[in-house]
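What follows is each chain in one-letter form.
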Amino acid sequence: MVPESYYLVLSGIMFAVGVVGVVSRRNALIILMSIEIMLNAVNLAFVAAGSYLGDPAGNVFAFMVMTVAAAEAAVGLAIVIAIFRHRETVDVSELKELKF
Amino acid sequence: MERILFFIFGFVAVFGSIMVVSRRHPISSVMYLLLTLFSVAALFVLRKSHFIAAIQIIVYAGAVVVLIVFVIMLLNVAESKIPVERPTLAQGVGVVAAGLLMLEGALVGSRYGAQIEKAVDVGTVEAVGKALFTSYLLPFEITSLLLLAAIVGSIVLARKKF
Amino acid sequence: MSIFGYPVLSVLVFLPLLGALFVLLIPKREEKFIKDSTFIVTLAVFGLSLYMFSRFDGGTAAFQFVEKRSWIPEYGVQYFLGIDGISLWLVLLTTFIMPVTILSSYSVKKHVKEYMVFMLILETGMLGVFLALDLFLFYIFWELMLIPMYFLIGVWGGERRIYAAIKFFLYTMAGSVLMLVAILALYFYNHRVTGVYTFDLLEMYKLNIPLKLQMYMFIAFFLAFAFKVPMFPFHTWLPDAHVEAPTAGSVILAGVLLKMGTYGFLRFAMPLFPQATVDMIPVVATLAVIGIIYGALVAMVQKDVKKLVAYSSVSHLGFVMLGLFALNIQGIEGGIIQMVNHGLSTGALFLIVGIIYERRHTRLIEEFGGLSKVMPLFATFFMVVTLSSIGLPGLNGFVGEFLILLGAFKANKVFAIFAASGVILAAVYMLWMFQRVMFGKVTKEENRRLPDMNLREICYMLPMIVFIVWIGVYPQTFLRKMDASVTKLITHIESKSQLAGDLGDLPYHERLYARYFAGDNGDE
Amino acid sequence: MLRILWLVPALPLLGVIINGILALFFERPLLLRKYYEDLEKGVHEEDSHGHGAEDHPLFHHWYRQLVSITGPSVVGAAFFVALVCVLILVKRPPHERVFQLDLFTWIQSGEFRTAFSLYLDPLSSVMILVVTGVGFLIHVYSVGYMAHEKGYARYFVYLNLFTFAMLVLVLASNYLLLFVGWEAVGLCSYLLIGYWYEKKSASDAGKKAFIVNRVGDFGFALGMFLLFWTVGSLNFSEVFPKALEMWEAGTLTPAVATAITLLLFVGATGKSAQIPLYVWLPDAMEGPTPVSALIHAATMVTAGVYMVARSNVLYLMSPTTLTVVAVIGGATALFAATIGVAQNDMKRVLAYSTVSQLGYMFLACGVGAFTAGIFHLMTHAFFKALLFLGSGSVMHALAGELDIRKMGGLKKYMPVTFWTFFLATLAISGIPGFSGFFSKDEILWRAFSSPFGGKVFWLLGTVAAFVTAFYMFRMVFLAFFGETRLSPELKEHVHESPKVMTVPLMILAVLSVVGGFVGIPPILGGSNRFEHFLEPVFEKGAELVPAAPHHFSHSLELGLMVLAVLVAAAGIYLAYHFYMKKPELPGKVAEKYPVLYDVVANKYYVDEIYHAIVVYPVYRFSVFLWEVFDVLVVDGIVNGVGRVLLGTGQAVRRLQTGVVHTYAVSLLIGAVILVGYLIFG
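Protein chains in written order, with the working numbering: chain A, 28 to 127; chain B, 547 to 708; chain C, 28 to 551; chain D, 135 to 815.
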């Protein structure tokens, strides 16, 4: 049997990788995917905790997170499409209108 | 036995996510994303959360990844257009911070993770369904509302500006 | 409750507001009608205040024509108006100066309607401040009075009016925000002691506030009113506000608004925090004396007549503050009389400056010269007002200044001596200005054909001169009405503050430190 | 019957009102019309001395006749009423010669209570007679002198106002009312000195007079406060008895008494132009000559002496103050006399002579001889007014020329003016038989003999008498004797002044002769009725005077008197020798001691010194205060706070780089720190 801490460490690692993706990549799509990874890491932690504590809440939360992730992906992609149609690019660093 | 499976799937998940982040071309990173999702689903199964594993595969792998692929194809960014990634200071700081975060995650995990080896069967559809429709009924309804908002939002955002 | 039933004070306070509403209804084009109706409203208010004055009983120190209705019961806020010897003369000064100012602003050309509406709102604000006996209500009127004044300076002012208006607003606002904090502290402290939530001033008078808390609150109130008076270090907004304000604005600003500060001390700061007041006398008196001499000296070198008069106000009000903090009957009565005098003489001075400003559209002293040959009647009026401002016996300035110096001399000889030197400096800068403006040959070509005062100008200058002479020759009518209230105030302060107190032997600053800052002797 | 006393001040006030109405409603419109006519004609205003175009209606309007009637008659009536009151008072036995008339309470606050009430006793009766008498003569004289002045009514308004103020001062029953008269008189002198306001020098002189007086009043006010808080009242009837009680009981210590009297004396030096604060009097000659005669010779300047005499009880309690008064009096007498010697403007000489004679009066008061002081005050009023009016008629005749070096031999042209002037000069020099002799000699004797006096004071007085005789006769010789040095056109212009001016001169001449007989000292067989008349006023104070150390023999007194006369004669001879026999001698003396002559001629540069020590530094300091402190420091702080806030705003703005990454990274760093805190915190 695998102790819960392994799962938590694993989700920590995945989460960090997702963050690296969000922070370092300039392509909007890659960023969206990295966010998906981060969310998965969180789900993993929820499920692991839920199963160890014997409380269905972990799974319910994971379920909630999933719906949010889906909604977030949809809207994120819609925005990317809108930007792409407007600016012909998905490079985040070019979008600087809000500069001081 | 379970330990070995855990390590396999754990390793695959991590490897997949690293690939997602590092691939230059979005299509390949989507594929690796799919791989990661499957390995995480497997881990769910290991934790006896069959319902969530199933949802993961159907919703996540099925819908979201397909959607991303669809959008990538729609945008079909020309080869030349893919931005050349030159590491900037901000990204450097970001990576360092992410490393720090990983360490902190690991530390938290190891310190607070329960050491006992028991797996209670709570992930079944019946248990999750009961919880969902009794104590967590309100959040459940609200998420439906959330999804509706997301649908409307993405339609409005993505439609062609006449 | 008040004279056969109908609430005199409420009518007095809100009649100008009604007038303002009425004026709002008049179409913009009818400027003459607007001016006349405003003038009639202010006259009506003055008439009413005279009527109230006739019913005012100088004997008792209690508040008269009291109106008390609960307004927001949950928080203990009441609509509580009352008048006594101290506020009587300030109310009458306000209602007297308003018609004069309106008459003098007949020459206003732009936005006449808004101008008159702001004036009337201002009058309501001022009367409210003098009559409110509920801290909450007082604070509302205190802030209400700021807004119209801001617009008066901001819209109808001179070149740098925006800067001056903002500076005026911020200065007073900064002070009054501090006061709000102190009011709330008082409110909650009162609840802690009596268990009742109330803003009623008379209840608060009964409180025995612990020394440390009392000093902090006193300082907060002190700053709010010191900005308004203005006392020495906080006075720089006054010259700018005066120079940029229109004539009528300056008259009101000098005539009444500055008295809010000194009245505030008398009604709120001193009775609420008697021990702190007594301990702070040397500090306040020093600031007042510096204000007197500083104001006079700086006035001497001003190039702009209005700035000169503004700095002279700083000097005059330094006298008033010295009088108030002498804490004896002569000092305080002298202070109150000097408030009224300052309103009259400086108000008249501003009207006079307004007259020559309307003719020459400049305020620089060297632009004038030899006017007394061209405008002899004007010269007579100007001479009388100048003499009243430098405190010539027989005119109003002297009565106030003499009583103040008499009281101050009893309280502390050194302060009185320095303050008395202010009397010499006053003569210096006023006469020097008078000489440069009026005497000598008519050098400038434009000054040759200036018309003398017309009937309207005489109409609004004459009542000022009448009162200037009346207070000077027979101040009894004014002094007798305030005896009772002033004595009550002094006994109240003395009873609740053990003057030298236990630490009497220590020099002043050590006593202050020991009592307020070292260790904790208040029941925090 | 004495209740009519209130008429004495009320009549001049009535004159002020009537003339005021005439001035405002008749003279002002005419003045404006003439002004605009001159503007049209482009006429450059002639010298403002008033010899304007005679034909303009301004000069023939009936209002002028009315003014010239009401002006003097009002003061004359006041004189008459005053005379009646005094006569009634004299009938009473000496010790009840006090009458107080309360009109209305003026200021009352707490235990401080003063009423507007009049107080008549021998001292104030002498004063009101002098004020109204000499005042009336000067009013009559002014009718002629100011005839062709543009602001005729305005002049009489001010003159009547002055008389009213002076009468209030003299008849006041308490120090505060005295102070009211005191400052009101200062105001009138300001208005009258600056009468020709177009001349900058005149308005400057007026302003200077008022401010210097104000400095004196500052001291006076402080003295009043101290007096009130020690004795508890300001009314004469209460202050002096109570002060004596407290003096015996020891509660009123000499130190406090000295402080009070010194402060009051500061006021007196301001008003009566003594050493530190005399600078305004010589400049006050800018005003019309009758003004100088009335205000700066006869009445206002004597207010200080009157006040000191009135508070003799207080002064006698503090010997130190008395010596201060005597020293300042004597010093001023000598100092001013020396300056008088070198002045060439007739009115300036008379101005310095007034300062010097006032010094004599204060010397008298300083040695405790208040009666002698008042006596000299009265006689001085007569002959000094005469001298000023005489110089006025000379000025009138010579179209404003006042430099005595340009005159000479006026004796032939203006006999009446000459003889009256000469009589007054004899009086002031102290020639026996004339009023000056009796009063001045009385002072010298008292300076010598009185317990407070001493040889030094007597010496000061005598030397000053010598110099006085010298400069007075110098002026007379230069102006009236010898051959005329008048310029041709002046020569035929010069004429005797009209009757309306010469009659007052004659009356004053008679007075300045007869005036002395009232106080002939017992040594010369007289009964010194003047002193007995004033006796009751000063008897309360007399108890305080320590017994005279030893009795002086009559022969000493006579000897000193003869010595004084000899000294005066020597002065006259010296002047005769210098200016009649060898006219070139003064020139040679001037070259021999150029520095000394230059210093004295420039009035010891006192004005320049005052300017350098007081006026300029105060001006520089206030400019500094305003420009540096007010604008830079206070406003600097206020605007500085504003600028600081603006600056921080600018800095914070830089953080918004617009690049999404930076926001993500900052978010991340925040998270890391938070978690880190949670773990290790």
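Check the hints yourself; a few may be wrong.
With a straight-line cut-off of 35 Å between C-alpha atoms, the simulated DSBU-like cross-links for lysine-lysine are [stated by the list, open to error]:
id, chain 1, residue 1, chain 2, residue 2
1, D, LYS726, D, LYS625
2, D, LYS716, D, LYS334
3, C, LYS330, D, LYS726
4, D, LYS334, C, LYS471
Take a look, some chain C residues computed to stay more than 12 Å from chain D by CB distance [stated by the list, open to error]:
id, residue
5, VAL223
6, PRO237
7, ARG386
8, SER399
9, ALA453
Quick caveat, the hints were computed from the structure, so don't treat them as lab data.
Where a beta carbon is used, it is the ideal one built from N, C-alpha and C, also for glycine.
| query | Checking the smallest CB distance to chain D, is VAL223 (chain C) really beyond 12 Å? | reply | holds, 37 Å
| field | Non-interface claim for ALA453 (chain C), where every Cβ of chain D lies beyond 12 Å | value | Incorrect as stated: the minimum Cβ-Cβ distance to chain D is 9 Å, not above 12 Å.
| task | Could you let me know if the closest chain D CB is still more than 12 Å away from the CB of PRO237 (chain C)? | result | holds, 32 Å
| request: Verify the proposed pairing of LYS726 (chain D) with LYS625 (chain D), using a straight-line Cα cut of 35 Å. | output: Holds, at about 34 Å.
| request: Take a quick look at SER399 (chain C) and tell me if its Cβ sits farther than 12 Å from every Cβ on chain D, holds or violated. | output: violated, 6 Å
| query | Going straight from one Cα to the other, do LYS716 (chain D) and LYS334 (chain D) come out at no more than 35 Å? | reply | Measuring from Cα to Cα gives roughly 39 Å; hence the hint is violated.
| request: Please work out if LYS330 (chain C) and LYS726 (chain D) have their alpha carbons no farther apart than 35 Å. | output: Given pair LYS330 (chain C), LYS726 (chain D) is violated - Cα atoms ~49 Å apart, limit 35 Å.
| task | Mind checking the alpha carbons of LYS334 (chain D) and LYS471 (chain C) for me, to see if they're no more than 35 Å apart? | result | Answer holds: LYS334 (chain D) to LYS471 (chain C) is near 16 Å, not above 35 Å.
| field | Minimum Cβ-Cβ distance from ARG386 (chain C) to chain D exceeds 12 Å | value | holds, 15 Å
Hint compliance for this structure: hints 2, 3, 8, 9 are not met, and every other hint is.
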